[in-house]
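Asker: Protein chains in written order, with this note's numbering: chain A, 626 to 863; chain B, 21 to 421.
All the pointers check out, no bait thrown in.
Computed Cβ-Cβ distance ranges for the label pairs, DEER-style:
no., chain 1, residue 1, chain 2, residue 2, range
1, A, Glu775, B, Gly300, 44 to 54 Å
2, A, Tyr645, B, Gly300, 54 to 64 Å
3, A, Val644, B, Leu319, 26 to 36 Å
4, B, Leu319, A, Pro632, 48 to 58 Å
5, A, Asn709, B, Leu375, 57 to 67 Å
6, B, Val367, A, Gln751, 43 to 53 Å
7, B, Trp23, A, Glu775, 21 to 31 Å
8, A, Gln758, B, Leu319, 38 to 48 Å
If you're looking for bench data, these hints aren't it; they were derived computationally from the structure. The structure displayed is predicted, hence computed values, not measured ones. Just so it is clear, CB atoms sit at the ideal spot from N, CA and C, and this is done for glycine as well.
If you want the building blocks of each chain, they are given just below.
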Amino acid sequence: MNPAPLPPPLICLKGVTKVYGHGQAAMAALRGIDLEIGQGEFVAVMGPSGSGKSTCMNILGCLDTPTRGGYQFRGVAVEELSRNQRAMLRRHYLGFVFQGYNLLNRTSALENVELPLIYRGLPAAQRRAAARQALAAVGLSDREHHTPGELSGGQQQRVAIARAIVTEPAVLFADEPTGNLDTARSKEIMELLASLNREHGITIMIVTHEPDMAKYAKRTVCFVDGLVATDEPAGGES
Amino acid sequence: MLWNAFLLALREIRRNVLRSFLTILGIVIGVAAVITMVTIGGGATAQVTQQIASLGTNLLIVRPGQHLGMGQRGAASPFRQEDVTAIAREIPAVAAVAPSASQSVTTIFGNANWSTSANGVDNRYFTVRNWTIEEGRMFSDGELRAGQAVCVLGATVRKELFGGQSPLGSKIRLGKMSCQVIGLLAAKGQSTMGRDQDDLILVPLRTFQRRIAGKQDISLIQISIRDGIDTNKAQKDIELLLRERRHISVGENDDFQVRDMKEIAQMLTGTTRILTSLLGAVAAVSLLVGGIGIMNIMLVSVTERTREIGIRLAIGALEREVLLQFLVEAVVLSSFGGVVGILLAIVSSLGLSALLNVPFILNPGIIILAFFFSAAVGVIFGFFPARKAAQLDPIEALRHE
Ligand SMILES: Nc1ncnc2c1ncn2[C@@H]1O[C@H](COP(=O)(O)OP(=O)(O)OP(=O)(O)O)[C@@H](O)[C@H]1O
Ligand SMILES: [Mg+2]
Chain A
626 MNPAPLPPPL ICLKGVTKVY GHGQAAMAAL RGIDLEIGQG EFVAVMGPSG SGKSTCMNIL
686 GCLDTPTRGG YQFRGVAVEE LSRNQRAMLR RHYLGFVFQG YNLLNRTSAL ENVELPLIYR
746 GLPAAQRRAA ARQALAAVGL SDREHHTPGE LSGGQQQRVA IARAIVTEPA VLFADEPTGN
806 LDTARSKEIM ELLASLNREH GITIMIVTHE PDMAKYAKRT VCFVDGLVAT DEPAGGES
Chain B
21 MLWNAFLLAL REIRRNVLRS FLTILGIVIG VAAVITMVTI GGGATAQVTQ QIASLGTNLL
81 IVRPGQHLGM GQRGAASPFR QEDVTAIARE IPAVAAVAPS ASQSVTTIFG NANWSTSANG
141 VDNRYFTVRN WTIEEGRMFS DGELRAGQAV CVLGATVRKE LFGGQSPLGS KIRLGKMSCQ
201 VIGLLAAKGQ STMGRDQDDL ILVPLRTFQR RIAGKQDISL IQISIRDGID TNKAQKDIEL
261 LLRERRHISV GENDDFQVRD MKEIAQMLTG TTRILTSLLG AVAAVSLLVG GIGIMNIMLV
321 SVTERTREIG IRLAIGALER EVLLQFLVEA VVLSSFGGVV GILLAIVSSL GLSALLNVPF
381 ILNPGIIILA FFFSAAVGVI FGFFPARKAA QLDPIEALRH E
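Start from the sequences and build out the full structure, keeping to the hints where you can.
Answerer: In structure tokens, the structure reads:
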């Protein structure tokens with residue numbers, strides 16, 4: 626017998642490309658990404674605007690499919706899964722904070738945060754309690770019944786974070802989760818993510834433009850022009 | 021899962037009051053319009069049919085005077101009792117011959133008075149005109165022969181003179197004559213032409229001739245033909261007989277006319293049939309317009325909601341869960357709209373039928389049809405665009421603006 630093989634990394638991208646448009650208008654947003662992320666890591670993704678960070682996050686979050694290349698989640702090839710299986714993967718393992726928040730309009734903060742739990746089939750009382758707790762964690766206890774239209778950009782962003790962490794996912798993808806927050810608030814959120822990573826073992830990957838925020842992560846991946854330019858432990862650049 | 025979908029659907033409905041209201045409105049209008057029109061049309065048809073039945077079947081009406089078109093008649097000598105007996109004796113197809121004469125009179129009871137038409141008749145009149153006695157009795161042979169002062173009242177006269185009281189046995193004044201009420205006719209209601217059929221008093225023909233008209237004239241002979249016999253043939257025979265008796269030579273026109281009730285009945289049924297199909301066509305158009313309204317709202321709302329679908333998919337909803345939610349939403353809205361539409365239709369048909377004086381007859385078939393048509397439009401146009409959106413990659417649906 627061979628020695629027990631190493632467990633596959635949590636996430637493994639191999640030669641992932643993403644091309645938008647066809648023919649003359651074709652535009653490669655990702656041009657061959659190789660990336661491995663292990664269980665329990667806290668990764669910051671940086672890079673200039675338009676370098677493909679969001680595109681890559683969408684693929685990692687199983688929201689989009691790569692044009693070419695392979696994506697393995699816990700050793701399972703995602704592109705071979707059915708639509709329903711990918712939905713189940715999102716439901717049970719992944720949390721996602723969108724750069725543009727993507728909250729349901731005309732729906733209270735509390736109900737927005739509850740939504741993923743409804744699909745998980747949690748009973749109403751438990752759902753409500755968990756949603757309240759998540760909102761409290763992002764400092765929005767007093768805004769439970771406000772709809773997105775009645776919240777500031779930063780508050781909407783925090784509702785989106787609460788919605789992503791309420792399920793305590795195995796992996797949390799956050800696309801610029803502090804893009805709209807002041808420094809103090811940003812730090813609070815980063816502390817929150819760091820503690821989720823530390824205490825609950827949640828693997829976290831965030832996109833950020835601010836080196837100060839990237840410092841909370843243990844590893845920084847830098848995108849340039851649809852390729853991974855640098856990939857080093859945190860603190861390497863400052 | 022179904023419960024979840026139901027919950028989500030109800031939340032969405034509550035959250036988007038205007039959109040839900042517009043969807044429901046389209047269905048309500050479509051359903052209500054169709055049901056109301058068909059109900060009114062059906063009521064009118066039923067009324068005409070019933071009135072034709074109340075006229076009596078196989079009825080020939082003979083009047084003196086030339087037919088000059090458009091209901092005008094030239095003057096001519098009236099009939100005599102001998103004409104009546106001759107018809108009964110010589111035409112085998114005849115089942116009953118009811119002679120009558122009429123004149124308008126003022127009736128008085130206590131301090132109530134009412135102007136109506138007094139008709140001198142015999143008991144065959146009840147048969148040929150399908151009158152039933154509601155209370156009291158018809159004339160006795162003795163009363164008919166002796167021309168006694170007795171009368172039978174139509175429902176309108178009874179109401180005008182007696183209000184709620186029972187008139188049986190009371191004496192009323194009829195012109196110069198005092199007359200005992202012996203019977204009451206069951207009400208027939210308005211005729212198709214809008215004439216009140218119950219506004220009349222019947223007295224024995226002889227009483228009428230002697231004490232009201234003061235002459236022996238008979239102004240109308242109604243003849244019922246035996247079942248199964250061609251009324252055209254009977255009509256010809258009667259015409260020949262009467263020409264002979266009235267000494268009309270070969271080249272001359274009749275100075276009387278024999279009309280077949282069936283012709284009139286057919287004309288009326290034809291008219292209502294046209295009316296009903298017209299109403300039906302208008303109803304179909306309104307159902308279609310309602311359907312297009314629902315379709316528009318549904319299409320617009322689903323386009324609007326593609327982003328919502330994207331969000332739900334992104335946080336882990338399955339395609340079929342999203343679809344179930346939209347389906348439940350469409351079904352709930354459509355059925356609610358349908359039920360409100362049906363209630364509205366019942367109320368408005370009740371009001372309209374009272375206003376137009378036609379019976380209120382609900383047609384369950386059309387209710388079911390209208391309901392399911394609107395519900396189907398709502399469900400189909402809510403469901404299929406949603407299905408298209410739910411089949412997108414989440415990110416694609418999210419990008420949709
Ligand atoms: N749906 C799309 N259709 C066409 N091109 C797209 C689409 N989405 C992104 N792109 C292009 O792909 C490239 C990468 O976009 P992406 O959103 O991943 O950048 P990013 O690194 O997240 O930038 P930012 O920091 O501004 O958010 C950009 O040049 C963008 O124009
Ligand atoms: Mg981005």
